[in-house]
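Modelling step: build the complete structure from the supplied sequences, incorporating the hints.
2 protein chains.
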Amino acid sequence: MSHYHAVKLVRRPEKALDASLFEKVSLPIPEPAEGQLLVRQSHMSLDPAMIGWMSADTESYIPPVALGEVMRSSGVGEVVASRHPDFAVGERVMGMFGWTQYALSSGAGITKIDAALPAEMVLSVLALPGLTATQGLLRLGKPKAGETLVVTGAAGSVGSLVGQLAKAEGLRVIGVVGSEDKAQWVVDTLGFDGAINYKTDDLAAKLAELTPNGVDLFFENTGGPIQQHIFGRMNAHGRIIVCGLIADYLSDTPAPGPSWLNIIKKRLTIQGFTMPDHWHEIPELIATLLPYVQSGKLQYRAHVLEGLDAAMEGLPLLVNGGNQGKLMVAL
Amino acid sequence: MSHYHAVKLVRRPEKALDASLFEKVSLPIPEPAEGQLLVRQSHMSLDPAMIGWMSADTESYIPPVALGEVMRSSGVGEVVASRHPDFAVGERVMGMFGWTQYALSSGAGITKIDAALPAEMVLSVLALPGLTATQGLLRLGKPKAGETLVVTGAAGSVGSLVGQLAKAEGLRVIGVVGSEDKAQWVVDTLGFDGAINYKTDDLAAKLAELTPNGVDLFFENTGGPIQQHIFGRMNAHGRIIVCGLIADYLSDTPAPGPSWLNIIKKRLTIQGFTMPDHWHEIPELIATLLPYVQSGKLQYRAHVLEGLDAAMEGLPLLVNGGNQGKLMVAL
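Chains A and B, in that order, are what the protein sequence lines are.
For the first sequence, the UniProt record's numbering begins at 1 and goes up steadily by one.
For the second sequence, the UniProt record's numbering begins at 1 and goes up steadily by one.
Rather than coming from a laboratory, the hints here were simulated on the basis of the structure.
Incorrect hints may appear among the rest.
Repeated chains share a single entry, so a pair holds when one copy, or any two copies, can fit it.
[Claimed, not checked] Lysine-lysine pairs mimicking DSS-like chemistry, simulated, CA-CA at most 25 Å apart:
{"#": "1", "residue 1": "LYS24", "residue 2": "LYS167"}
{"#": "2", "residue 1": "LYS297", "residue 2": "LYS167"}
{"#": "3", "residue 1": "LYS265", "residue 2": "LYS15"}
{"#": "4", "residue 1": "LYS167", "residue 2": "LYS142"}
{"#": "5", "residue 1": "LYS297", "residue 2": "LYS142"}
{"#": "6", "residue 1": "LYS15", "residue 2": "LYS199"}
{"#": "7", "residue 1": "LYS265", "residue 2": "LYS206"}
{"#": "8", "residue 1": "LYS8", "residue 2": "LYS24"}
{"#": "9", "residue 1": "LYS142", "residue 2": "LYS265"}
{"#": "10", "residue 1": "LYS144", "residue 2": "LYS112"}
{"#": "11", "residue 1": "LYS167", "residue 2": "LYS265"}
{"#": "12", "residue 1": "LYS297", "residue 2": "LYS112"}
{"#": "13", "residue 1": "LYS206", "residue 2": "LYS8"}
{"#": "14", "residue 1": "LYS265", "residue 2": "LYS112"}
{"#": "15", "residue 1": "LYS144", "residue 2": "LYS297"}
{"#": "16", "residue 1": "LYS15", "residue 2": "LYS144"}
{"#": "17", "residue 1": "LYS24", "residue 2": "LYS265"}
Written out as structure tokens, the structure reads:
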């Protein structure tokens, strides 16, 4: 009987995200029971939401990963054995397989994916990042041509797609990033109208210069001091979509939000969302997103790490912004 | 030619709201030109929104009252002369007539009101407070039977109607008030399920005791420290309607809002609104509200001051909570 590797969460993160939180185990490759399929994962995705899943905070929108459980993540793989009527050996599937080389599944929550698409593109665009951008920007944000969008974490997996979808819809798009390289990428390659480096720019001055007509849509992926500045430039009837607050997830004292006065003065709507509420809508979300993908309008940049061990080492990049594009692990 | 009195705003408020901000003038009673009507006002309304209208803050949702202009307010009165095809002498009308005994009008923004209804009831229920509660609670908040609502400023003109409309819809309703008298009134007379005295109660403990199933709807009229506590008890998919922040309007340093983490964790929607955006919907709002009025479900308490001069003296009550019910001036 041959074996495979998986990585379990064994400790809750406090400050540092390092290998001490995990334990790598070797397990016998199982046989699917009636109604099950076995997937060999080729690529697994590393997403900022995982930081939340690792913490024991019971207030979160999804139960934390239990200690001793295989770390949760999404990924793509190939069906290598099946006793499930809907899945055949050789098919490409996407699902929440976790940090593992092999996974048994009942088929629930699994989506078939055209095997011709590059795995990097599937995880960068059609998987969680693209579905998140579609739900948050297109469905909740209701962007209108001529409006101005500011997106934080703009070079990130979600932010880069949010900005590109907004450009496709005819908006002025300003991205907030953490390096000159990322600033250049979102402007030169993705076609954003401007970028703010939150680490080096004078935030108020640069934001005012780049949003001469104020801000109609604010897509928040990060938190941090830029939040107050963008909030202060919101136009009447502005919409704020709160998708991520990576700066606050591991903080003992999350930053206070802005005064609510502007919510009245500008009649703002602030809306938080998370994708687990929308799993059942994935087919519609994919249908909404697919035309943008097929038109070739959506660029992506994949940051591919190699091998299961690299996942543990790659996690901190999600917090310190060290990744260059959508972070994933090739197995 | 006989004369009437009006009161003009001549100074912007800084800290105190007193008579030094105003000037009373005597003016000749005008004749309506073609297309105009002349209204003799019987009752004018004092509303918290007026504090905002008096300040020069250009970010507000409605232009400030200009210095030297008659102070803005809504009221009811009788048509005493008309050269307008739609209005006849003797009809009862409601509109933004200002602090004045007589007002000329083009008819724009004026609503006819059944002359059989008591003026106190018109200004307490059918005018701004009732329309605000209808728009904010029923349209934006989408209350569902069995949910829990917390409303701040619960004994106020808007808050008392919000709570009663929510009770009529089958919600558990907790009101935040600033005195024992008000606490007793909202529970005993209005039928709320509980009240919190923000001046004397242990906010966290009392709120937890009164909202055992958390909070689904938060109707915010006041701001202040209770905001953070209610925000912390919001349930998944909770809705927060921001209608007023009286504690912050005159503050140099408005209180920061709560951290946005809960907006994601609980997938909250926070929505600010002001009635000037909805003037054109007043007929529909009245139609929505009228069945509740006619069913006798909506109690009100009018705090009636006498005479134009009393308006200047009554204004501080809106800030310090000294009014006992909907504040208005009988002329």
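Structure-based check of all given hints:
1. For the homomeric pair LYS24 and LYS167, neither the shortest alpha-carbon distance inside one copy (43 Å) nor that between copies (56 Å) is at most 25 Å.
2. For the homomeric pair LYS297 and LYS167, the shortest alpha-carbon distance inside one copy (9 Å) is at most 25 Å, but the shortest distance between copies (51 Å) is not.
3. Only between protomers do LYS265 and LYS15 lie at most 25 Å apart by alpha-carbon distance; the minimum there is 20 Å, versus 38 Å within a single protomer.
4. Taking the closest pair of Cα atoms, LYS167 and LYS142 come within 25 Å of each other only inside a single copy of the chain (13 Å); across copies the shortest separation is 33 Å, beyond that limit.
5. Only within a single protomer do LYS297 and LYS142 lie at most 25 Å apart by alpha-carbon distance; the minimum there is 19 Å, versus 38 Å between protomers.
6. Within a single copy, LYS15 and LYS199 get their C-alpha atoms as close as 21 Å, which meets the 25 Å cut-off; across copies the closest is 39 Å, which misses it.
7. Within a single copy, LYS265 and LYS206 get their C-alpha atoms as close as 24 Å, which meets the 25 Å cut-off; across copies the closest is 31 Å, which misses it.
8. In this assembly of identical chains, LYS8 and LYS24 lie within 25 Å of each other by CA distance solely inside one copy; the values are 6 Å within and 77 Å between copies.
9. In this homomeric assembly, LYS142 and LYS265 come within 25 Å of each other (Cα to Cα) both inside a single copy, at 21 Å, and across copies, at 22 Å.
10. Taking the shortest Cα distances, LYS144 and LYS112 never come within 25 Å of each other, neither inside one copy (32 Å) nor across copies (38 Å).
11. Taking identical chains as interchangeable, the C-alpha atoms of LYS167 and LYS265 are never at most 25 Å apart, the minima being 28 Å within one chain and 29 Å between chains.
12. When the C-alpha separation of LYS297 and LYS112 is checked against a cutoff of 25 Å, the pair qualifies only within one copy, where the shortest distance is 23 Å, while the shortest distance between copies is 55 Å.
13. In the homo-oligomer, the alpha carbons of LYS206 and LYS8 never lie at most 25 Å apart, since the shortest distance is 44 Å inside one protomer and 42 Å across protomers.
14. In this assembly of identical chains, LYS265 and LYS112 lie within 25 Å of each other by CA distance neither inside one copy nor across copies; the values are 47 Å within and 29 Å between.
15. Taking the closest pair of Cα atoms, LYS144 and LYS297 come within 25 Å of each other only inside a single copy of the chain (18 Å); across copies the shortest separation is 42 Å, beyond that limit.
16. For the homomeric pair LYS15 and LYS144, neither the shortest alpha-carbon distance inside one copy (41 Å) nor that between copies (41 Å) is at most 25 Å.
17. In this assembly of identical chains, the alpha carbons of LYS24 and LYS265 never lie at most 25 Å apart, being 53 Å within a copy and 30 Å across copies at closest.
Hints 1, 10, 11, 13, 14, 16, 17 from the earlier list are contradicted by this structure; the remaining hints agree with it.
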